[in-house]
Each structure stands twice: as structure tokens, then as C-alpha cells.
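Chains B and Z are the protein sequences, given in the same order. Quick note: the first sequence uses the working numbering, first residue 180, plus one each step. Quick note: the second sequence uses the working numbering, first residue 51, plus one each step.
Worth flagging that the hints you see were computed from the coordinates, not collected in a lab. Since we're looking at a predicted model, the values are computed, not measured. Any given hint might turn out to be false.
[As the list claims (entries may be wrong)] Quick list of simulated restraints, FRET-style, between CB atoms:
1) Z:Arg-160 x B:Leu-243: 44 to 50 Å
2) Z:Lys-233 x B:Phe-352: 35 to 41 Å
3) B:Pro-348 x Z:Gly-177: 31 to 37 Å
4) Z:Asp-70 x B:Leu-285: 36 to 42 Å
5) Z:Ser-124 x B:Leu-281: 40 to 46 Å
6) B:Lys-335 x Z:Phe-392: 51 to 57 Å
7) B:Leu-196 x Z:Ser-190: 42 to 48 Å
8) B:Phe-352 x Z:Glu-230: 33 to 39 Å
9) Z:Lys-233 x B:Lys-270: 47 to 53 Å
We put the CB at the ideal spot given by N, CA and C, even for glycine.
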Amino acid sequence: MKIPVLRIYTISYLMFLYCPIIILPIFAFNNSSAVAFPLQGFTTEWFHNVFNDAVLGQALKNSLFVASCTAVLSALLGTLAARASTRYTFKASGPLMALIMLPMVLPEIIMAMALLVVLLSLGVRLSLFTIILGHVLVCTPFAVAILTSAFQSLDKSLEEAAYDLGEGPVSTFRLIILPLVMPGIISSLLICFTISLDEFIVANFLGSGEPLLSTFIYGQLRFPKYVPNIMALGTILVAVSITLLALAEFFRRRGLAKTGAKDTGGFL
Amino acid sequence: MSSDKSTMIEFKDVHKYYGDYHALRGITATIKAGEFFSLLGPSGCGKTTLLRTIAGFEGISSGVVLIDGKDVASIPANQRPTNMVFQSYAIFPHLTVAQNVGFGLRKDPRSAADKARAVDESLAMVGLSGFGARAAHALSGGQRQRVALARALILKPKVLLLDEPLSALDKKLRENMQVELIKLQRQVGITFILVTHDQEEALVMSDRIAVMFEGQIAQLDSPETLYRLPKTSAVANFIGTMNFLPASIISEGGGKVEVEAQGFGRIVLDADKQVTGVASPGGATVGFRPETATILFEGQSATDRETMATVEEVVYYGDMTYYDVLLDGTSAPMRLSMRNVFGRPVLDIGTRTRVGWSSGALVMFR
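Next up, chain Z with everything else stripped away, as it sits in the complex:
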């Protein structure tokens, strides 16, 4: 993501109340032109409300929403340069596919033939050429999704809003559509804003992700930064899995932090790249992802450090095996994920094993 891209959407301290319920609690963020941006969070975190404030379906209680530099407070939904793909797709069931896709062109001054051509182009873009004459209510879920996309994109909006568009599709179809949406976004170059509760979907598709909890943005970063260096343990746990070990800071200075972590002993961490979160008094926590530590099978040696552990739980997934291991000197099991490469055994519960890890893969939460 280059930094010279202009700002498409800007939220300045946006609050939204429903009666006494504080749905959005001071959202401040910018979304750049042409980026694939995701709002990620559990249900009820305000992500859909935030999306609907962009579309104009939801007013805000205080703050400012700017689209392409313009305050949109007084612009109704039907005049905003945004179009939306609804969670239910909202395909008009009494119209044909072509009538659905061309619905937004009703006030377009172009000739009927030009409009028909635009509809055909839009349908071709989503891979539905030749479907124009079909009745909309007879389409499959995946096809409805595509019609909804074609209908929104035909108006060439500055921003395309997607409200959990893939949640109703089955897993295979969903994964295909994820790839197609990324391609489509690159092709049209329009800013896409996706609302999703599926962290994997957000990681796969987005240039940047805003993780939301309880009406606030907990972290706004690239997928890689979010995964590698989450700001809080809540973000870390929402995006993938993270193991946590209680730790205490021994010394700080010169860009280094030395900590004593339960089970791992003394570790030196890079203060810029590995230490995250807001400084708070009391205990710190050291975290690591399941795939960054490894069970050392016979004959294998650690790349950096190793600790003895006992296998407490084994979950076999075919290509992967998940182990819950209790590191010596700790009280809660850690989750490890091991790829089942050829010739590698699956350990039994109760097995004593060595666990290899590297201090470079650790993250510390203050």
C-alpha cells in the first residue's frame, strides 16, 4: 500500500447512540482511495453500523463522516457516491436479472441501447453473461451475490460497501468468491469496504483491516501487522490463536527489553518490533502463535531455544495436528500446530517432548 494514495473516507470522532445504547464510541479513521478495507469484529461491535453511516442508512449522533473530502451529513443515501452489496443481497425478486442490474440506470440520460450494453458489460464482469433474461428469484445464492455486485458496480461508485456478502455461501463457494472479489477490486480500482466477522476472510482479502470491539476500533493495520504484532490480547485472540505466558520486565533500554517469562526463562526482545500494547503497571504477558513454536522429534535440534513439555491434548486434522502442551514450569497448556509431513509421528497424550522456540517470534504485551 503506497502512502501517496488520497483519502477516500474519513471518520472524525464519530459517535452513534440508539437511545441509551452507545453503538459507535469515537471512531476516527481514514480509508484510502482504491484500497480493500475491512471492518472486522464480533457481532454487535458496530461494524455494520459504521458501514451504514457511510451508505447514509444510519445517521450519526456526533462527529463527521467525509466521503472524498465532502461532509456527507446532509446528503441522503440515494445521492451518495457509494453503492452497497447487502447481506441478503436484496435482489428485487419481481424483476429479471437485467432489470435488477440496470435498476440504478433509470435516471441515466443514456439511450436504452447504451444502457443495455452497460448491463451486459456489468454482467460479464461478474461472470453472468447471458443471464439477463432470467427471473431473479430463480437464481442460486452465488448467482444472487454476483447480480448484487453487478448492480452496485454498474453505477461506478467511488466506494463499494459490502455487508457480510459471503456469509450465506458455503465454504467452497465462499473461498472462490473471496479470490474473485480481490480480482474484481483490482480490475475496477474502486475502494471496497467489507464488513465481516470472519478473520480469515479479512486477512485474505484486505489491504488494511480495522478490528472493532464494542463500538471502538481496537487496531487498524495491514493483515500482516495485525497478525504479527496485535496491539492487545483481545485482538490477538480474535485474529487467529495466540498463547500467553505471564512475564515480568527485568530491564529496559537501548531498544531492548529483557523479560522473565514463565516456562521460557529470560528473553531479550526488540522494543520496536516485539513489544506492543499500552504500557500499564503490573505484569506483562509474552505471546506466541501456535505455528511459531515446534515439537522437536527425535534427532531434531532447536534453531534457537528449547523447553521440556508434556502433551495434554492431541487434535488430528489430516494435514495438521494440534497439540496442547504443558511447558515445564507453567500452569496453562499452550497450543502448537504441526504440519503432518511424511514420516512424522502423531504423539500420544502424556508424551514428554521437547518444544523448540525462538525469541524472535515472541510478542510482549505490556
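Same shape as in the complex, but just chain B:
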């Protein structure tokens, strides 16, 4: 008999990847403070705890603030970079784009440490804003990647047609380019928001002690009795992340369909 090697490999690979995540919701509803099998019974107690924890509430607020600012700034910078790289050819545009994309592959811990050293030597006080700074650095390459594909699928003669019909550069951008790349902008907003929301390393290095979700979770894991709460919180985060990513992909695809462009690959 032929052994389906590739099939077995694929299934075990996916199980290894996703089983731990499936564990989260299972224990989030398990009526026992010990995270261990066998399961005891069904409870929503941990979710109640999560929603009633004041520190967690503050961490959530901080995280949402940081993620929103990061998403807006990264999408804005990404729009500018993507527009420049697709519309104009200039000397060093290649190396420049490579520099912008570099944080995508650079070890985050190196970046976080380097940023910390620079900020401290400049005398900048650590706060949520320094975290936002770091997150923008991490997220902008993703925004650039998404938006470059959005700008690339724009036919250059659309812009010329708008000029030809009497519009100036500003109104052309507003009436033609912006609506056509809007799905890409929304998609990069959502992706950057997601990345920032669960980012730990930069948040840990560049924060001044105000809790973010990621650093809060890390802190709680030291106390065994809080672990089920974390399971519940993790379940919520996974659900939110998946929803946001799916939304982002939906908008990216709708943008492609709108402009009738070819799909050149996305994140989902």
C-alpha cells in the first residue's frame, strides 16, 4: 500500500500549528482553575473576570489607543511611500524601498533595543507614544506592501484621463485615486491594527509601565490562578484578530474586483 506521506505531513503540520490555539477556547470555558485535562464542566466565569478586571480594562483601553494610532500613522505613511514608489522613478528608489521594508525581516528585539537606546540617550520619556513610534516602524512595511499592490493595479491613464477632463492633481487624487485605493487603505488599517494589538516585544521595551494587553497577559501568566482568565482573554483576541484579518482581505479583494485588476496575492 502506498503511504500518503505528503498528506500525513500536511495534516500533522497544521495540527501542530493550530492545536494550541484550539486549546484556548476549550480551557476558557472549563470550570477549573487548573489548565489540565480532564475537563471539568462549562463556565463563563473567566469571561466575567476578564470583563470586570479594572487593570485589564485599562490595558485594553491603552492597547486600543496604541493600535488605532499605529494603524492610522502606518496607513498614512504607507500610502505616501506606495504612491511614490509606484508613480515616480527616482534615483535610489530601490534601496529606499528596501530600507522601508527592512523592519519586516529585522529581528524585532534588535529593533526594540536599538530604539530604546536611542530614545533614552535623546532623553525621551517612555510612554504610550514611544510604543506607538515603535509599532509604526514595525507596521509600516505591511501597509506599504498592501498599498503598493493597490497602487500598482491602478491604470496610469485613469489619472491622465482625469487631468484631460479638467481636474487638477489634488482633485484627481480625491476623486479617482483615493476611492480606488480605499479598499487597500482600509485593509492596511486593519492589518496594522491587528499587528499592534498583539505586539509584545516593542511594547515591553518601550513602555513605561502602563499596561498593554500583551504585557498585561505576560504579567498575569506568573500567577496560576489567573491563567484561565488569560485563556478567556486569548479567546477573545483570537476571535477579534481573525475577524479583522478576514475583513482586511475582504476589502483587498473587493478593491481588486472594483478596478478589474489581477490578484497578485494577499495575506489570506
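Assemble the complex: chain B is given as a structure, and chain Z must be docked to it using the hints.
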């Protein structure tokens, strides 16, 4: 084409460089108001660049471009009295058909109702009445083409620029659109400037054609003159097919030129009507179109002169048959096109045949 028509566009020694690349090399030409003008040439000859200098999308390195008597050097694209139909049509995919067509009216002071009426009229003109509410991205290629036309014409430009507008359509649709464009141009009376690499399209549609090679206008003439009396063998070969025979001039004078052409012998040509090109020392060439010489079937006699030949290749096209024949005394085959009228046989390769021709149909390149 009457000569009293005023000049709409004038190029005076226009040059364009892209870095070291010399894209336009001294274009001097005038385009008259109300004419259907074509820029014809192979890809990379500069025809699209020239069109874009009129639209204002391309600056020029030196020279002058005048539109309706005004130097347009300092006038940006969005203020020129020209509108363009793009090769890709450039229909705004996020807008409806009516929004596309009415796009240029945004700054028009007329009331919304008047603008809507103008959009309807423009759509009716291109045969798309009732399409206004449709989403633009759902249109077919032919429909997009019409929307692009309606969108450009609604602004009543002095000049309509068409950048290979039919190249994306299939053959049948293209031929229909050619006829429609000619009708539309007569109806609106606007100067149309068409860029095309399709010589047939240019011949069918244009009042005058500028044939361009390597950034220069090789010849600017009516379609008939271009076809009948091309200035150079390059033009002759780009527009249709022409056979060439080496020849030498024997005598010249009194409006006549006597030449000795390989395979054809001695011929007397009209110096004004049949001799073309720039005089250059050395050998001349005699040319003729495939349809101006004929294979003489049994019982047929030549209207003027005849030469013996051998059939080397036969290509059957249904209504036509193309023969490559080697005239006695020559070294390269000549292409002949014969209409397949009823009862006429298709000759086999290797057949000896008589070829009838007339010296009046010949052209000589110096």
C-alpha cells in the same frame, strides 16, 4: 479636402528627448480644422509621443506646438482644448456610466438637470442611450470605448485625440467602430487625430495620414496618394505590399523618364505622376502593387504589356489568391493578387504563365 480650412494644430521643428533617446526628431506639420488625421507607424516610431504632446501629457525638448494658433507650451493638460480617448479607455471603474461621461462637467456652471441632459445626449450620440445607471466596470470592451468617446466629446473639444482606440477590439467590432467613428467625426465636425499602427485602419478612416518612422514624418499625404505614390520604399512597404524591380535611368526630359527595369524592359514614365523619392546617385527602383499586374489566363490578352513568369508560391484566401511569381530575367519573386472570379482556375506551383502589366501603374523610386 478643401484647402481653405484653417489650421488647427501646427508643429514647428518639434524635438523630444528621453535622456539620450531622441524620440521626436524635428516634426513639422500642420493639421487642419475639422479633418480626420492619422499618425501611422510601427511601435516606437514616436506617434503616441507626438499625440501626447498635443494633449499636454508630454513636454517637448525644443520647437513649438500651436493649437488653434496658440503656443501651448505653458498650458497644462487640464486646460487645453483637447480631449483624449485612451488606449485602455481609462474608464473610471468606481463610477457609473453617467458619472463617467459627466466627469468633465464638474466645474461646468450649468444646472444639474442641464448636465444630465448633456450626458444623455452624449450617450445617445455613441449609441448607449439608457446605459447611464450601469456600473462602468461591468461594460464590454466595445461599450467602454463608446463611453470613453462620449466622455471626451461632451466637453466639445477643438481636437479629439484617439490613442489606438480600436486595437483592443476584435476584428468585426473594430471594422464597425471604424465606420461609426467616421460618421461621428462628420457629425460633430471636430478635428480627430488618430494614432494607429494599422495601415488599413488609417487608410479607411483618414482624410490625411502622417506616416512616421523613427521619430520623423516620412510622408504626409492623403490615403490615396500615400498608396499610389509613396515617397520611399519604406512607406510603400508599410502601407500595403509593393514589388520592387532594380532599374536604371536611360534618359530624362520633357516630363518623361525612360528606364530599363529588370524583367520589364524599357518603360517610359511620367516624371510628375510616377517618379517619387529623393534623387540619389546609383540605381533606381521600379515598384508596383500586387493588384496592378495580372496573371493572364488562356485566351486573355494584355491591356498593355506582358512578361513570361513561373509560379513559385500559391496562397489561397477564398475570395483572393496570392501568387509569388518569378518574372523571366529577374532574381526575386513578385507578389500578385488575383480575385477568384467564377470559372478562373487556381494555378499550381511551377506553372509557366504570362503576366500582364501596364507602365501607367508603375512607380519609380530614385
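Results for each hint:
A hinted range of 44 to 50 Å holds for the C-beta pair Arg-160 (chain Z) and Leu-243 (chain B), which are about 49 Å apart. Between Lys-233 (chain Z) and Phe-352 (chain B) the C-beta distance comes to about 38 Å, which sits within the given range of 35 to 41 Å. Judged by the Cβ atoms, the range 31 to 37 Å given for Pro-348 (chain B) and Gly-177 (chain Z) holds: they are separated by roughly 34 Å. Take Asp-70 (chain Z) and Leu-285 (chain B): their Cβ atoms lie about 39 Å apart, and the range 36 to 42 Å holds.
Between Ser-124 (chain Z) and Leu-281 (chain B), the C-beta spacing of about 43 Å keeps the proposed range 40 to 46 Å intact. Between Lys-335 (chain B) and Phe-392 (chain Z) the C-beta distance comes to about 54 Å, which sits within the given range of 51 to 57 Å. In this structure the supplied range 42 to 48 Å holds for Leu-196 (chain B) paired with Ser-190 (chain Z), their Cβ-Cβ distance being about 45 Å. A hinted range of 33 to 39 Å for the beta carbons of Phe-352 (chain B) and Glu-230 (chain Z) is consistent with their spacing of about 35 Å.
For Lys-233 (chain Z) and Lys-270 (chain B), the Cβ-Cβ distance of about 50 Å falls inside the hinted range of 47 to 53 Å, so the restraint holds.
The structure meets every hint from the earlier list without exception.
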